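> These protein sequences, in sequence, are chains A and B. Reading the first sequence from the start, the letters are residues 957 to 1369 in this note's numbering. Reading the second sequence from the start, the letters are residues 957 to 1369 in this note's numbering.
Please keep in mind that the hints were generated in silico from the structure rather than gathered at the bench. All values derive from a computational prediction rather than experimental measurement. Be careful, since some hints might not be right.
For identical chains, the list gives no copy identity; a pair is met inside one copy or between any two copies.
[To be verified] Each computed DSSO-like pair below joins lysine-lysine, with the alpha-carbon atoms no more than 27 angstroms apart:
(1) Lys1241 / Lys1277
(2) Lys1241 / Lys977
(3) Lys1261 / Lys1277
(4) Lys1000 / Lys977
2 protein chains.
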Amino acid sequence: MSGAKAVREDRLWQRHADMAKLGGTPKGGVNRQALSREDSQARKLLASWAEARGFAVFTDAIGNLFVRREGQDADAPPVASGSHMDSQPTGGRFDGMYGVLAAFEALEALEDAGIKTRRPVIAVAWTNEEGSRFQPGAMGSAVFAGHYKLDDMLLVEDWNGVVLKDALAETLRAAPAPMRDGDPGFALGGYVEAHIEQGPRLESERTTIGVVTGIQGSRRFIVQAMGEEAHAGTTPRANRKDAFAAATRIAAAMYEATADADDTLRFTIGRVDVQPGSPNTVPGKASFTIDMRHPSNDVLEAHEKTLRDIVASRAAPCQAKIDRVTAVAPTDFDPKVIDLVRAKADALALSNMDMPSGAGHDAMHIARLCPAGMIFVPCERGVSHNEAENATPADLAAGARVLVAVLEELANR
Amino acid sequence: MSGAKAVREDRLWQRHADMAKLGGTPKGGVNRQALSREDSQARKLLASWAEARGFAVFTDAIGNLFVRREGQDADAPPVASGSHMDSQPTGGRFDGMYGVLAAFEALEALEDAGIKTRRPVIAVAWTNEEGSRFQPGAMGSAVFAGHYKLDDMLLVEDWNGVVLKDALAETLRAAPAPMRDGDPGFALGGYVEAHIEQGPRLESERTTIGVVTGIQGSRRFIVQAMGEEAHAGTTPRANRKDAFAAATRIAAAMYEATADADDTLRFTIGRVDVQPGSPNTVPGKASFTIDMRHPSNDVLEAHEKTLRDIVASRAAPCQAKIDRVTAVAPTDFDPKVIDLVRAKADALALSNMDMPSGAGHDAMHIARLCPAGMIFVPCERGVSHNEAENATPADLAAGARVLVAVLEELANR
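Given the sequences, and given the hints that come with them, work out the whole structure.
Next up, the structure:
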């Protein structure tokens, strides 16, 4: 039996259902933010499944969780597959979790089919991909790849002042796993990540498999406007330094400036904080986050300049500043991995199309270390980062079949 | 000795310093929100001072706190003076607290001068004037005056879901006082409230006493925009229903529409809430509060219509609605009380000017029950609802002298 044939749609679907209970919301989504109690529960569950199959489990200093199926050459750099188990505050059941469970299904399918591979095969759950609680996102894979420094990340605080180091220690206490010594990161022979598309293209083109060619670049910013608190009833407009009025002028100009004709630039203000937040006090401070993405680094650069000009010109009589929090350049995946994904989908008679990824993924960091690629499957109406996120058992299993076929070949190279 | 002469500037100033420790902030302001632990502490302190002077203390079902100095005719409706002890989250030491301490100073001055009055004189601390934690504000005085129903107010929740009834019970447990039976409210022979101006006019005109002629009307609203959460990296602009983008369009249009030529309309967006508040998720919901004030009810009415038109026309592709939370009509104070305040300021050789109040005060509700008026004293640069709020001991004492003179005369009518 081939590894692809050994993939079990029912088992993979049931694992999604089991995981969706951890942080499950009344609307059918999940709230399983990075290094929360729910994240611990997911780690424990994955580790228990791994141990039941006799796979080795270990973690590293940023909390990435690895499940290893041994190869004939234990010293050969393993091939890896995975994604993340943390979610948005009102996230879906499939974003990230599918990539982890598809990788684990691949390990089980190889095991069930009695297939030996030269290289070990690893399923990995990267820490804090979403970046909704601790910024920046894709943190675990970025530390693994050496893009961010471990020590810097351990000191990051969430919006409530909780330090990542403490949240991580608590998470690992609740879901213990053997710790790999030293800084995160080790040699890999290849990496393939499965993920729901999080966009509408596969569904609208009635295609099962997205052969992902690369990931658009992204930049994140924080804009802060500083004014002066004042009484809402007595302070004339001429005397006001209203920080939210300034933030509104800035945001309105930014929405206008980022409305490109071909609708390729992605511009999002996702988090807004206005202080002191009293209905009858003129706001003294207002801040908001910007998430901006485009496949071309030049376009991102030009728009960053525009955003900076807007902040400088629209703030008066308040002060305002814009700080770049992260910049991730566009990623091009390895042509050989792209070709392999397409070839395996064809061999399994699964409809497929080449496409770039609109979202960032852990694969963008791991692609710096080894030949890497991604496999997309459709999600309903393209809805993601939403409790209504959905996918079909058949599509999820199809993606896992392509994945196991690709991993098997990479693990024997 | 007259009551005015018995006012002690040092005592009044010290009481402000003592109260400023309760909820004191590093920047010298206070955070003593309604029915908080700090509010309890202030109640306890005021009651302890009252008991030390032999004044009766009691409370009512909405938590208004009364200190009563007996009159010769115990059955005559008392005259009252007071304000509030709760503050904005980043408030100052004088807003509200001055009116309570000036009224208490008036009681002490009458006592020290051995003055007997026909009517009892009451100093009162009204519950929750600020409305920054529990809306609507001026709640205690409004319930006392029958403008809001007690039962409705007891069910109000703060932004964290704490029910007012529970916060009130906790506050009264921590600062017990004899409870007056029945619904709040009893007959009054007159009411005069002292307050810092919270605006720049007295200071800029080098005038000590503001003879307050009335209070501008105010209306509060909540605007809510409903969109759809979506992934910030993958969702094209054409497919987005971005609730914060809609809120920005609405807010920008409102700021523009409320920029009246004579700068009399007060328009403030003070609290903003964007959900789910993740940097890489398109917001599904955005809401903000509006506080709008003007001396003319017709102007308020016309602008409310404009706000409604803006919400209806700018929300697409989101849905949006605007709800009016409160409407308080402009207040005209009693001409006889206004004349009395002016006459007593003149008699004390204190510079004075007639002026309307830009801010709302508890006096606007009590003016429905009995002849009422207000006394303003200057505050530094007109700054209020701000930790930097400041006033001079001499001005505070001057206002208290006018107050005791006015109360003495009203209490003998």
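> Confirm or reject each hint.
Each hint tested on the structure:
1. Within a single copy, Lys1241 and Lys1277 get their C-alpha atoms as close as 12 angstroms, and across copies as close as 26 angstroms, so both meet the 27 angstroms cut-off.
2. For a Cα distance limit of 27 angstroms, the shortest separation of Lys1241 from Lys977 across copies, 25 angstroms, qualifies, whereas the shortest one inside one copy, 39 angstroms, does not.
3. Taking the closest pair of Cα atoms, Lys1261 and Lys1277 come within 27 angstroms of each other only inside a single copy of the chain (13 angstroms); across copies the shortest separation is 35 angstroms, beyond that limit.
4. In this assembly of identical chains, the alpha carbons of Lys1000 and Lys977 lie at most 27 angstroms apart only when taken from the same copy (13 angstroms versus 48 angstroms across copies).
When held up to the earlier numbered hints, the structure conflicts with none and fits them all.
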